[in-house]
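Protein chains in written order, with our numbering: chain A, 1 to 227; chain B, 1001 to 1842.
No lab work stands behind these hints, which were simulated from the structure alone.
As the structure is a prediction and not an experimental result, all values here were calculated from the model.
Cβ atoms here follow ideal geometry from the backbone N, Cα and C, with glycine treated the same way.
One thing to keep in mind: the hints can contain errors.
Said to hold, decoys possible - Over 10 Å on every C-beta distance to chain B, these chain A residues come out as not near it, computed from the model:
# : residue
1 : Leu-21
2 : Ala-160
3 : Leu-188
To be verified - Restricting the straight-line Cα-Cα distance to at most 30 Å, the calculated cross-link-like pairs of lysine-lysine (DSSO-like) are:
#  : chain 1 : residue 1 : chain 2 : residue 2
4  : A       : Lys-33    : B       : Lys-1296
5  : A       : Lys-116   : B       : Lys-1002
6  : A       : Lys-19    : B       : Lys-1449
7  : B       : Lys-1474  : A       : Lys-15
8  : A       : Lys-116   : B       : Lys-1296
9  : B       : Lys-1588  : B       : Lys-1673
10 : A       : Lys-86    : B       : Lys-1002
11 : B       : Lys-1098  : B       : Lys-1047
12 : A       : Lys-59    : B       : Lys-1397
13 : A       : Lys-6     : A       : Lys-33
14 : A       : Lys-19    : B       : Lys-1474
15 : B       : Lys-1296  : A       : Lys-86
16 : B       : Lys-1156  : B       : Lys-1098
17 : A       : Lys-59    : B       : Lys-1002
18 : A       : Lys-59    : B       : Lys-1296
19 : A       : Lys-15    : B       : Lys-1296
20 : B       : Lys-1296  : A       : Lys-6
21 : A       : Lys-6     : A       : Lys-86
22 : A       : Lys-6     : A       : Lys-59
23 : B       : Lys-1397  : A       : Lys-15
24 : B       : Lys-1008  : A       : Lys-116
25 : A       : Lys-86    : B       : Lys-1008
26 : A       : Lys-59    : A       : Lys-219
27 : B       : Lys-1551  : B       : Lys-1047
28 : A       : Lys-15    : B       : Lys-1449
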Amino acid sequence: MQEILKVNNLSKVYKSGSKELTVLSEILFSIDKGEKVAIVGPSGSGKTTLLGLCAGLDKSTTGTVTLAGSELSNLSEDEKAAVRNKSVGFIFQNFQLIPTLTALENVMIPLELQGKSDIEERASSLLERVGLGGRMDHYPSQLSGGEQQRVSLARAFSNAPQILFADEPTGNLDDDTGGKVEQLLFELNEQEGTTLIIVTHDGELAAKTDRIIKLRGGKIIEDKSNK
Amino acid sequence: MKLSFILKTALRDSRKNRGKLALFMSSIICGIAALVAINSFNHNLVKDVNEQSKTLLGADMVISGDRPALESLQLMMDSLEGPKSTEIELFSMSFLPKSEESQFVRVKGLEGDFPYYGKLITVPPEAGKDFKNNRTALVEESMMLQFNLSPGDEIKLGQATFEIGGSLKNVFGSLGAGSSFAPTIYIAKKHLDETELIQQGSMVDYGYYFKLPEGFDADEWEDARRETFRNETFRITTMEDQRENLNEAFTNLNSFLNLVALVALLLGCIGVASSVMIYVREKMSSIAVFRCLGMKGNHAFLIYFIQIVTLGFIGVVIGAALGSAIQVYLPVVLGDFLPYEVNMEISWKAITQGLVIGLIVSILFALIPLLAIRNVSPLRTLRASFEEDVAKRDYLKWAAYSGIVLSIVGFLYSLTDSIQDSLIFTLGLAAAFGILYGVAAVVTWTVRKYLPRSWSFIFRQGLSNLYRPNNQTKTLLTSIGLGTVVLATLFIIQGLLLKNVSGMDAGNQPNMILYGIEKEQSNRLAEITESYDLPVIQQVPIVTMRLDGWKGRSRTDWLADTARTARRWTINRETRVTYRDTLTESEKLIEGTFTGNVESGDSIFISLASNFKRSLDVEIGDELVWNVQGARIKTYVGSIREIEFNSMSTRFFVLFPRGVLERAPQFEVLVTKSPDAQTTASYRNEVVKTFPNVSLIDLGSILATLNDILSKVSYIIKFMAGFSILTGFLVLLSSLILSKFQRVKESVLLRTIGASRRQIFRINLVEYALLGSLSAMTGIVLALIASFLLAKFMFEIDYSILWTPIVLMFVIVTALTMFIGLMNSREVLNKSPLEVLRKEVG
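This is chain A alone, in the form it adopts within the complex (with noise of 0.2 Å):
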């Protein structure tokens, strides 16, 4: 299997003052094209902060990630939003979806960066694969938590991701909801064939997945396959 992501001997260190907190420390691992994975963790364990590194939103005190055959140290921030653009795709606990655009123009908006045309059919096939075909024109305001995150699953996958990043996915819904998206989340992943990398304390959902990367005070203390 090829590599898409390669986290290699990573740490973060934040300053305050004259102290250090050292967030996370030692991380190596990687993952494979196509695979399914879970990060999984107590508050403050440093998931979200992996999350930010692996995606290249963040810079690492030490240590290199290699995303998609990029290592993203040599990058400038410029060349990093490239790489996101061209083979990321992302999935927020918030949605995430810009306020003044309606469903339609969010879902278009990775393909847009992209330079491409003739956009509107893709993205609105994706929309109707959630669900919200008859949505397209509403602003995120006009729609409920559960659409927001429908939105925002179709507008991750519009731009054919290699790799798809998911924060807690569903930790801003009810259970039902909440379900109901973890569903669509697993049927495109399938559909679209993507790597999937999911930040959760839900253990439901972290079953779910072929491996779980478990952290605790910023180190890996377990990586096991979960097939």
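Take the given structure of chain A and dock chain B to it, following the hints.
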């Protein structure tokens, strides 16, 4: 990435936010509207002054002399294109057959269509034209009233009798240097010979008036021929000469209006910067998502830059249109409330200036917060409270700051034409900014370090808001403080100028001069004056004399000297001199020692006006010999005085000490002020009846012109300052809205954990009261310094602290800060915490 995508996103993104940009738009609109309105007013005022100078001269150019022009000069004058008029002016006694009275008058024989600017205002109106064709005379209103004359009565000038065609309400300038106090009679020049007044030895002046073609350079023509005309004792006066005299009086007003325009623009721009800052702050999460999805920093910046530039451009255009509309239509709306008839036009120059400068400056100010967009981290999508994105060194930001400084200097330069003034003013602004920022830093540090733990919860909470993370102390203190500095400076300077101007206003100014009073008539005349409840404003003796020589050489000797530096007018003039032992309020000693009294046999030290000293090119200690009606008096220059020309009292180039001229032939001048025409008329009748030799001149008509301009001036000052103040309040509003985001969250949390509405209200009250009063106080102290420097060096007026506007300013700024701050948090007070949190966070 395609430009079309950026444009499309800019448009889409702005859709639901246009309301939020209202503050930004209103700042620009207000700032530019004020700038354009003020500059239009200013341009119209300058135009008005120019028109006034035309009206005072009545023509583009006047050539005058005490004999008819020689053929060589006539040829030169004939070569000028455009209409010409000729006037012959002489002084004579006139006889009124109706009352069998006589009066010394100035007779003007006119040929041609003079005046070309303004007109002879007569009652009845047609008389002003008819006298050139009919055999009628126009008699100055004061004389008509004095002798109870009416149109149809007769007046005899020399050997000819004329029917009075009408009463003349205004008089154009006198050609000769002689008494300008005799009433004027206009007749047609062709009838002048019939009077047989022009005899060998009579004092006659000849004037040639020209209306020159558009674009003709009268000054160039004058420069080339001045000497030729002067050698034949002819004098050329152009409109430019006249205008220079008038403009001098308006320098202050002009500087002030420029200052107001700059203040309006700057306040608008501070509003722009803070409203864009609010906007960018609101957009941070969207920008982070864009970045997360792979948008480059520069492209994200471009999206918002395009939005701001587009709206800025629209704002600038609306502002310019509004400014023009206000200044053109406001007088129409106010109609009768205005103290004068307004002739305001759209000033394209002001509009262009407003559009160009407004757009450049507002973009530069908006750039400062906008540039931060390039460095927004995508990590904001994962971390709700992400610390400020810090860029290492942003050269573009420094370029924007430099651009602002350069454009302020440039704008000031375009207004003042002085690079030095522009730099000083810009430095002053930068210093004010630095000081305000410094005060904020000191306050934050002090409160943090020394806040007593024993104080009540409310006070500690309110005060510690000043230094807590994400505090607004520096932002608010700088922006409110800077707003206060400019507004308070404006208030103080306005007060000082109005005080200065009101001194010039006809309200306190003399409007009547009694001339030719003999010494023994003086006391009785003062009594008569006071019996009419008229004030004796001045009663001064006048001795006429001529300069006989100076610095050891005779006058004739000097006149023959081609290398002399003394001006001809100074040498030739008949000087009217007074004597007294003190200086008046409008005089300032600038050199030497003033001698008020002299004993018989002592050296006589006289005081010269500074311009007279310059024209004669003499220094302290130089000898001056005077011919006082036959007697020679040797004097020395003892002191030099600067005479303030802002007031309309009598002014003397040469001032003698007491003890020299008391016995010389002299007459007195009495200056008074009459409240209305009726009092003037009855007072005049009694004076003329008691002392037929005393001439009485009503300055009302001259003052009416001046007063007209002055009432405009004070109106404009008040109106314009009001406009700037409005812009200032908008800035205040946007500064405080900036702080809302932070405060609302904190207050909601406090409420959630059980703080009462009253407690929250009082915590906010303490914080805003402190911020408001601190900003106001610092701003006012800076304004006091700034206004002192401006008054002293720019306007050159006396400085006195006017406490009313200062106290008012302090109260208003503090109260307004508290009011807007509390209004901002009223939501927290009145609604449930959950409701507010949902709205603010969701």
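Cross-check of the supplied hints:
| no. | hint | verdict |
| --- | --- | --- |
| 1 | Leu-21 | 13 Å, holds |
| 2 | Ala-160 | 13 Å, holds |
| 3 | Leu-188 | 17 Å, holds |
| 4 | Lys-33/A / Lys-1296/B | 27 Å, holds |
| 5 | Lys-116/A / Lys-1002/B | 9 Å, holds |
| 6 | Lys-19/A / Lys-1449/B | 22 Å, holds |
| 7 | Lys-1474/B / Lys-15/A | 25 Å, holds |
| 8 | Lys-116/A / Lys-1296/B | 16 Å, holds |
| 9 | Lys-1588/B / Lys-1673/B | 25 Å, holds |
| 10 | Lys-86/A / Lys-1002/B | 16 Å, holds |
| 11 | Lys-1098/B / Lys-1047/B | 46 Å, violated |
| 12 | Lys-59/A / Lys-1397/B | 24 Å, holds |
| 13 | Lys-6/A / Lys-33/A | 11 Å, holds |
| 14 | Lys-19/A / Lys-1474/B | 27 Å, holds |
| 15 | Lys-1296/B / Lys-86/A | 13 Å, holds |
| 16 | Lys-1156/B / Lys-1098/B | 10 Å, holds |
| 17 | Lys-59/A / Lys-1002/B | 29 Å, holds |
| 18 | Lys-59/A / Lys-1296/B | 17 Å, holds |
| 19 | Lys-15/A / Lys-1296/B | 28 Å, holds |
| 20 | Lys-1296/B / Lys-6/A | 24 Å, holds |
| 21 | Lys-6/A / Lys-86/A | 18 Å, holds |
| 22 | Lys-6/A / Lys-59/A | 15 Å, holds |
| 23 | Lys-1397/B / Lys-15/A | 27 Å, holds |
| 24 | Lys-1008/B / Lys-116/A | 14 Å, holds |
| 25 | Lys-86/A / Lys-1008/B | 21 Å, holds |
| 26 | Lys-59/A / Lys-219/A | 18 Å, holds |
| 27 | Lys-1551/B / Lys-1047/B | 45 Å, violated |
| 28 | Lys-15/A / Lys-1449/B | 24 Å, holds |
Hint violations for this structure: numbers 11, 27, all remaining hints satisfied.
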